[in-house]
Amino acid sequence: MVVQLTIARCSVDYAGRLQAHLDPGIRLIMVKADGSVLVHADGGSYKPLNWMSAPCSLTIDHDPDPELREAGVQEVWRVQHAKTADLLIISVYEVLGRHEYEFGTDPGLVKDGVEAHLQELLAAHIDTLGDGYTLVRREYPTPVGPVDILARDSQGAHVAVELKRRGGIDGVEQLTRYLELLNRDPLLAPVAGVFAAQEIKPQARTLAEDRGIRCLILDYDTLRGLSDENRLF
Amino acid sequence: MRLQINRDVLSEAVSFAVKLLPQRTTLPILSGVVLDAAEGKLRISSFDYEVSSSTSIPADIEDAGSVLVSGRLLADISSRLPADEVNLTTDENGRLLVQSGSAKFELFTMPLDEYPSLPERPEWQGSVSAETFATAVGQVSVAASRDDVTPVITGVQIELTSGQLTFLATDRYRVALRSIPWEGQIPADTTALVPVRTLSEVAKTFAHADQIQIAVTKDDDHEMIAFGTPDRLVTSLLIKGNYPPVRRLFPETVANYAVVSTSELIESVRRVSLVLDRESPLRFTFNLDGVTLEAIGNEQAQAQETVEAFLTGEEVVISMKPQFLIDGLSSTQNEFSKLSFTKTDNPHKPGPVLITGQTSKNGEEPGDYRYLLQPNLLLR
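As you go down the protein sequences, you meet chains R and F in turn.
With the first sequence counted from 1, adding 70 to any position gets you my numbering.
With the second sequence counted from 1, adding 759 to any position gets you my numbering.
These are computed hints drawn from the structure, not numbers from a lab.
Even for Gly, the Cβ is constructed at its ideal location relative to N, Cα and C.
A couple of the hints might just be wrong.
As the list claims (entries may be wrong) - If you want the footprint, here are the derived chain F segments under chain R, 3+ residues with CB under 8 Å:
#1 929-936
#2 997-1010
As the list claims (entries may be wrong) - Here are the simulated lysine-lysine pairs, DSBU-like style, with alpha carbons at most 30 Å apart:
#3 F:K1108 / R:K271
#4 R:K102 / R:K117
#5 F:K1120 / F:K999
#6 R:K102 / R:K153
#7 R:K271 / F:K999
#8 F:K963 / F:K977
Between the sequences and the hints, there should be enough to build the whole structure, so can you do that?
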């Protein structure tokens, strides 16, 4: 599983469902671990000039035809797509640099990064819940999983907080389960609930308020300390 | 219950009660309206534990009685009845029969004994001209926040002192303030933070009356405001929390200002901002030639216009959101508006602009309406 980067002066031809030709120039050729090959210029943002998606196979011919050799071509890369007749041909005139890296397993894109960050921020700014609130702990364990935040209000009564990026009905149900179990603990009861999210759907708000759970809208930017310069205060 | 009533009177009263009901309630009984017929009057009331309304309208009562029916259904029906005369009757199965011309409706009723009792008519603390009240609420409520992030600023803050009512609203980008006189004697100055939706509905509907009575009651766990006319009563719980101290944001005196024709500048802002992307600000240059509006930042089009402005003090370049400026200008309700440019200690942030009304170019400021707007950062 290696990624191979080659900087080379090359020309590129694509044959198959579309025909394309790039005249010789200096380019970055990226061969990814899954076999895909991308040819980048020093512009055009994320988009390669030409590419072949996986599955495909790459063969490098170090001994090109005499005709090509005369023109200065040192290597011919042929990238054949496994399922179609598409073919990417890279004629390399000069290799300027070559690197290989082992990337290992990618952890993947973390979509709920904001949610974890919100928990951290709300714990740090626990008075967002109200004046006099104090943090008991984050990820307070219950038999059915940890509740995001357990805090105490100004009177010392416990408050369980469930955090979501977008607050839906399922989040309210989740908090209801935690509250039921937390309230069985005589050392904690009574435990009030706060459903906190950047955005709460109307149905979720109705359900939460009907169950006596307070809804709190969080402003991620304010919690992060980013203030809107165009505000009066 | 058996009575005859005028269709339009009924429809107006029911639709007002329904407007104040919550959009979705988890207690179906609270989506109902109560009809009470007695002594030549039909009283229509609604209550959701936060807001209550009751309206008395004249009716020919044959048999007195009370009934609870679906509010939205009765509102829809009464607005579309064919004849002017409407007969309301309850039958032995407890259903409400609505009959008008040849149209007949049967509505199922809900058990009245489970319905909560409405707050009572409190002792009034004073009264205010309904028309002035409606104007003030309209001028201020534009600036109230529509965003739930900070619930306290989704209300209009009413400050009650003996002789004067002051309305305040803000969404952090602007603050609107209006003071009006009232015939009120209260022992101690007090404030009431009222949901903007309820206050706007009250102002609109009560505007036909002559005077509006007001009372604010604060118990240990119960803070409420009541608005009343002889025929109507609305109560609302107050929004809890501390209102931000926005009054101190208003400057005392400002030496640098420009006077413009209100309608002319509004027209020009609307015109020039046609080429702007949503949420983009307009750029204003105030100098001795007038004020030049420039819409820049859009790649497909640009626009520019100059209108008359009488500048006192130095030249000013600022950028403001078109809608925020129009809200302030149109709320001055004067032929001329004065834009005062405040100074600021922060070199990276422009000072807020104060907008007030003026009766003429050099005329007096009525001074009871003030709108403070934070300009956007100038971007080149």
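Here is how each hint holds up against the structure:
Check result for the region 929-936 of chain F against chain R: holds, 5 residues qualifying (beta carbon to beta carbon below 8 Å, three or more required). With a cut-off of 8 Å between beta carbons, the region 997-1010 of chain F has 3 residues touching chain R; three or more are needed, and the interface restraint holds. Straight-line distance between C-alpha atoms of F:K1108 and R:K271 comes to about 35 Å, which puts the hinted pair past the 30 Å bound. For the given pair, R:K102 sits about 15 Å from R:K117 by alpha-carbon distance, which is consistent with the 30 Å threshold.
Between F:K1120 and F:K999 the alpha-carbon distance is near 43 Å, which puts this suggested pair outside the 30 Å criterion. Annotation: proposed proximity of R:K102 to R:K153 holds, straight-line Cα distance about 18 Å (limit 30 Å). For the proposed pair R:K271 and F:K999, the alpha carbon gap of about 22 Å is at most 30 Å, so the pair holds. The hinted pair formed by F:K963 and F:K977 meets the criterion: a straight-line CA distance of about 26 Å does not exceed 30 Å.
Comparing the model with each earlier hint shows violations of hints 3, 5; every other hint is respected.
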